[in-house]
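There are 2 protein chains.
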Amino acid sequence: MAFEVAYPRIVKGRRPEGHTPRAPRYRLTWDQPTGGFACAYFGVQGKPLGQADESDFLQAITELLGQVNGPQATEVMRCLDGAGYQNTMVVAYWSTITGFATWQETSGFRSWFDRSGSDGGGLGLWFEPFVSHFDRHETIYSEPHYNVGLANLPGTSIRSMTINGYFGAARDRVVLSAIDPLENLLEVPDPRVTLSHGSVAHVRVALPHNTTLLRSGQFWEDAGPEQRDDYIETMKPKLERGMDHLAQNPTDTGCLSLRMTVNLDDDGQERAETSTVAVFHSLDHLEKWAASHKTHLDIYNHAIKMNRHYGADREVVTWHELFVLQYGAVFEYINCHSQTGMMSYGRDISV
Amino acid sequence: MAFEVAYPRIVKGRRPEGHTPRAPRYRLTWDQPTGGFACAYFGVQGKPLGQADESDFLQAITELLGQVNGPQATEVMRCLDGAGYQNTMVVAYWSTITGFATWQETSGFRSWFDRSGSDGGGLGLWFEPFVSHFDRHETIYSEPHYNVGLANLPGTSIRSMTINGYFGAARDRVVLSAIDPLENLLEVPDPRVTLSHGSVAHVRVALPHNTTLLRSGQFWEDAGPEQRDDYIETMKPKLERGMDHLAQNPTDTGCLSLRMTVNLDDDGQERAETSTVAVFHSLDHLEKWAASHKTHLDIYNHAIKMNRHYGADREVVTWHELFVLQYGAVFEYINCHSQTGMMSYGRDISV
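Going line by line, the protein sequences match chains A and B. Per my numbering, residue 1 is the first one in the first sequence, and the count goes up by one each step. Per my numbering, residue 1001 is the first one in the second sequence, and the count goes up by one each step.
A few of these clues could be false.
As the list claims (entries may be wrong) - Some chain B residues well away from chain A (every beta-carbon gap over 10 Å; in silico):
#1 P1021
#2 G1036
#3 G1070
#4 E1105
#5 R1159
#6 Y1166
#7 V1188
#8 R1192
#9 D1229
#10 A1272
#11 S1292
Claimed, not checked - Over 10 Å on every C-beta distance to chain A, these chain B residues come out as not near it, computed from the model:
#12 E1017
#13 T1106
#14 Y1327
To be verified - Label pairs and their in silico Cβ distance ranges:
#15 A:D31 with B:Y1310: 47 to 57 Å
#16 B:S1160 with A:P8: 18 to 28 Å
#17 A:E187 with B:G1018: 41 to 51 Å
#18 B:P1144 with A:Y166: 43 to 53 Å
#19 B:E1017 with A:R347: 53 to 63 Å
#20 B:D1056 with A:K47: 47 to 57 Å
It is worth saying that the hints were derived from the structure and are not from the lab. Since the structure is predicted, the reported quantities are computational estimates derived from the model, not experimental observations. Quick reminder that beta carbons are idealized off the backbone N, C-alpha and C, glycines included.
Given these sequences and hints, build the entire structure.
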């Protein structure tokens, strides 16, 4: 029995009356009642980032995450950012907020981060953690058989659903949306951080209430040549055009941070698996782009076409997980270039 | 119809089997579904705190709180703290987290706080805000007819309940407790703040996940001489002994901050209404004191005795509201003495 919560709806849902999705889709369920969970992205940055520096970072983070109350699932990814820096990151998932909060204070991470960020031989370090109540997230998977992201947590299952196939379905899947419009009433911010000269900047960014984080992924490791070629030649360029549009128009789109990452295997080799990690000023901003912008419609239409064409034989897995963050989330950057993640919307606390 | 949420219980409840409370008690309910709400304490501090300084502070805060997205309920209180400083405070309640989060960024409060705290002519300023999901709070009132605290919010009602009259009832009333032990696995901290000399300290305290905040109140404004005298001569000293024990043994009891406050009327005169605002390292710590310490048993037994004696004619109202805070709450202090609130468990960010 999956854990389900539903509030009496007072905010109008988006599902059109009588809607039946044309394509089967799946979502994460929790086998046991869960109040919430946590996720954190840990990154290192260099231009270039040498292989030894990357390995040292991964070893240090892996050791820290191995301490008591460490995460139940991790992945390693790499990304070349818009400023030409390589960022290598670990994303970690905790089944409970208590576990994450305890780990953060007892693992030695905090002192390691402060120290390494300042003395790291010119490398940047960043830390983007957040916690989420059960009612503030949603997921979707094109197939039920591939576990990634949150779905790597023990005690989760991927099950079929019918809240999909219309614009606004993601919102409807966020349980809290039934009683809360999930608005961010603040203006989309302008970049404001001013880096101090002659010292290593340590920037804190307090994310506004209802800031929305999306991790949207693609997995074609198991695809045969035909579907792999279609993915690489047709779908991937469409995705990249969409992501470029968002990355280059932060104020217009409300997409304030965007990383296109590729997963690494245990030997540090790139897998046939990517995900985009994006921070939107609000769920409204994400929805506006998804529902109306040509770059997203191109992606959406091609995905539907391929699903219809291959049906149950579809070998490319697409998925996403989305979090509408509650007041209190803080991202941190030490010695990073000012376009890193959400850094330009924060405040330098090193001065 | 009140908004009710219940999770399938996986953590054992505390209610003894077959328990029926001997005294009627009441709790807050929300008329409409609500995801969460917010509360903030705004304080000024001086030794002494002159009447003009107190008035200036209250006028400034009142004006700031009157801005768009301000709170739906406020009270003004005064407290003489353990170091002999007078603290005057406004407690403000917001019906939505979005309202509070928006107000904090758009009202001008932030720049006023930073500026006034540094240039305030030697006065201290403090700001203790938090947000709470619906499932992380509980309330109890001895009578249904007096609105105070959260109960001043529009859209709330005080209704009778039966989850009371046994140790652990407060926990059972926290909806999330059915599926989460609400633990703080960190050690009770030692005071650690080090104030910089020669500059105005600005201390931030990140409260651990599941830190528990209790506001516990007494109202005898409408009591006749007999019950008023009993309250003042018998109950009040017991309460004060209990609070003194907590305040003087923070590390043993886990009660890290405690203020005994008295409410002020519109003319700044003290009312026959008090409340203690206390921060506990965890709900466990609060429960341990409540269930086992003589000072609390004295309070509890006298309250029960008076309830039995006067029944429906009881004229002294007692109540509390409790919040088990999620990861992310931050309290701030500027130019305060180091024993203020949670300040000694924070970090000076002015250096």
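Hints, one by one, checked against the model:
no., hint, verdict
1, P1021, "27 Å, holds"
2, G1036, "8 Å, violated"
3, G1070, "13 Å, holds"
4, E1105, "6 Å, violated"
5, R1159, "17 Å, holds"
6, Y1166, "24 Å, holds"
7, V1188, "13 Å, holds"
8, R1192, "12 Å, holds"
9, D1229, "45 Å, holds"
10, A1272, "36 Å, holds"
11, S1292, "24 Å, holds"
12, E1017, "22 Å, holds"
13, T1106, "7 Å, violated"
14, Y1327, "5 Å, violated"
15, A:D31 with B:Y1310: 47 to 57 Å, "51 Å, holds"
16, B:S1160 with A:P8: 18 to 28 Å, "22 Å, holds"
17, A:E187 with B:G1018: 41 to 51 Å, "57 Å, violated"
18, B:P1144 with A:Y166: 43 to 53 Å, "46 Å, holds"
19, B:E1017 with A:R347: 53 to 63 Å, "54 Å, holds"
20, B:D1056 with A:K47: 47 to 57 Å, "52 Å, holds"
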